[in-house]
Amino acid sequence: MTEARGPKAHERSPAGAEPVDPARPADQASAEAPDAPPADEHLRVEAQSRKPAAPPSPLARFGQARHLGLVLALVLLAIVGLITQPESFATTSNLVNILSLASTIGVITVGMTFVIIGGGIDLSVGALMALASVWATTLATQSYGPFVMILCAVLVGTGAGLVNGLLISYGRMVPFIATLAMLVAARGLAQRMSDRKTQLIQQGNELIVELSTTRVLGLPVLVYIFILVVAVGWVVLNRTTFGRRTYAVGGNPEAARLAGIDVRRHTLMLYALSGLCCGIAAVLIMARTTTGSSTHGDLYELDAIAAVIIGGTLLTGGRGTIIGSILGLLIFTVITNLFILNGLNTSDQLIAKGLIIVVAVLLQRRSLESRT
Amino acid sequence: MSNPLARRGFLVGGAVIGAGALVTACTSNEPAAQPTAAGTQPASPPAAGSDNDQPGKQITMGFSAPAADHGWIAAIAKNAEATAKQYSDVEFKPVEPTNDINAQISAVESLIAAKVGVLVILPNDGQQLNQVARQATEAGIPVVNLDRIFPDKLSYRTWIGGDNYGMGVAAGHYIGKKLKDKGVSNPVIVEIQGIATLPLTQDRSKGFADALKTYGFSVTAQQDAQFTVETGNEVASNLLQAHKKIDAMWNHDDDQGVGVLAAIKEAGRNEFFMVGGAGSANAMREIQSGNSVLEATVTYSPTMASSAVRLGRLIAQGKGMSDLVENQVPQSITLASETITKDNVAQYLPLGFES
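Going down the list, the protein sequences come from chains Y and F. With the numbering used here applied, the first sequence covers 2 to 373. With the numbering used here applied, the second sequence covers 750 to 1104.
Fair warning: there could be bad hints in the mix.
[What the hints assert, rightly or not] Taking lysine-lysine and the DSS-like style, the derived pairs with C-alpha atoms no more than 30 Å apart in a straight line are:
1) F/LYS931 - F/LYS955
2) F/LYS1091 - F/LYS926
3) F/LYS827 - F/LYS842
4) F/LYS827 - F/LYS929
5) Y/LYS354 - F/LYS926
6) Y/LYS354 - F/LYS993
If you are wondering where the hints come from, they were derived from the structure by calculation, not from laboratory data.
Input sequences plus hints: build the corresponding full structure.
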């Protein structure tokens, strides 16, 4: 089948790879080897970067195999929930509850997925969210009304993300270090601004709280914001040049540079995007808790990274999906929910989460080895 | 003294502490000096303590506490500083607050090296800071141990702190009595703890369970949060799903309680009543409004920092507490946990800390 398309193989490779028997990965590799380099390097690199996203398994028609694993895990958890707590787990209100809980960190996870696919890491997300929530709830900001508060949160998040990006792309700092510095500094700044107090949303700005109390078709508004962010993130990652370049930059930055992609500018934008997501998450956490506080988002960076990794994104970059990350996150949220519904200890919950991360990464490695 | 209000505050505060450590959780913050608030304190003759307020021997006071990532600890530092400033004879030397045990040890060591007259320490962890407090004591510097206790009595001169067990008892009695009066049998009682690994959390839960037991009740579900708004919100919203009908809820901490209340409002639940803990101004305002599920809160007041500074000063100057017969300050003082309800909230509101 693949040979029949010979002349156009380099263009069609993602689609052409689909029917290839996964048991013969070597054939796939050798089939690609003789491809003459196309005239347009740029196109080739982008096409290549797209390739890993295309699943080589026959299961592809139902979604990627690793997603199937995640869905199975979720189904398993749901079955556990149905057996242990039949009357409270499968209720609409509990499902809505799980979605609302996942919203805040879900938005952050979307930004994190971009950064990690782009070959970086962002440790500052939790702290940025805290900073944005504090900045947006200072009395000075609150006096301008809810819209300015939202704008403020988003701008603070994006601005801090830009600083991360500048340090990493133009300052040539290692992402781990640059964002670690931002984590510490942003938390400190948030504490300083709030004087380490919890800042309540004042009367007159209830519009923000209404994001979580108002329900449209049974779902709080903030869940729609979450879904919207995921949808936009998916489109950007899968259907735009920006998304393809993200894969290219993460997969092989040098090749991407040679192909004419401005790697530094792209990296800068990735971190700004992650910051933007933190800003949006700050609005959601303000809505949920009615406060801005420097304690918000503690260890969110680890939860977000774990969700992204479980979702099948390579920590080294170049491969990953948003849907996988969100499924990974939902697994975590459902576990928390199940443990509390059953009145179990938080310590056991942490152990369970740790095990899931290990299993997920082991599976990921196996599927990676079978492919190369 | 240039500030008569502050002086009156001291008199009332000092007298109440002396009166017997049972009703002292609400002493001595600035607003307590207002006649309206002070008038509701148990009447004690201030005369006995009067000359304690006069400037005495000049002393330096070292102060070390954890970094405030929480409203309660922030209030501790602020209260200590404000109280120290009321005295012209106290030179207050706070060290950089930190949550790092190592950093706190070296901070205290620097205070010892500076030969301060008295040390007020709220340790991050009593066990781990014990050694350095012992060093201070051996160097002849009296240590006032605030709240988290050093395990070794040789390490401190006086301990003053709250009663975590008593806090649980107070909450248990409020909930138990109310449910008993209502005639509820087999009530669903939910408890939201702070950080579960801390001994103080375990003490609170034990007190709560013991008090409920006297009414024949027990805790239906218990879950821990992290003393933060966000975790309180997460745990509460899950707990509300787990229990479709709740009779009463005790939340250990008013700061995380903001998140708990947000979750309750979000779920649109109001079939139960809730008791808070610590006594933040915000929780008190909620109680005062009368239309919240939050009906009461049991105190664990950061005003203890003000009292500790005053005790430290008295110790350094060799004075006793005026209402006691003894010439010296007692070895340990446990503050009582009080229950704030709509009826007495106006009296406590000035003492509430902004979380």
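Results for each hint:
1. At most 30 Å may separate the alpha-carbon atoms for a hinted pair to count; F/LYS931 and F/LYS955 meet this at roughly 24 Å.
2. As the CA atoms of F/LYS1091 and F/LYS926 are separated by approximately 16 Å, the hinted pair is consistent with the 30 Å bound.
3. With a C-alpha separation of about 13 Å, the suggested pair F/LYS827 and F/LYS842 falls inside the 30 Å cut-off, and the hint holds.
4. Proximity of F/LYS827 to F/LYS929 is assessed by CA-CA distance (about 41 Å); at most 30 Å being required, the pair is judged violated.
5. Taking the CA atoms of Y/LYS354 and F/LYS926, the gap is near 40 Å; set against the 30 Å cutoff, the hint is violated.
6. As the CA atoms of Y/LYS354 and F/LYS993 are separated by approximately 27 Å, the hinted pair is consistent with the 30 Å bound.
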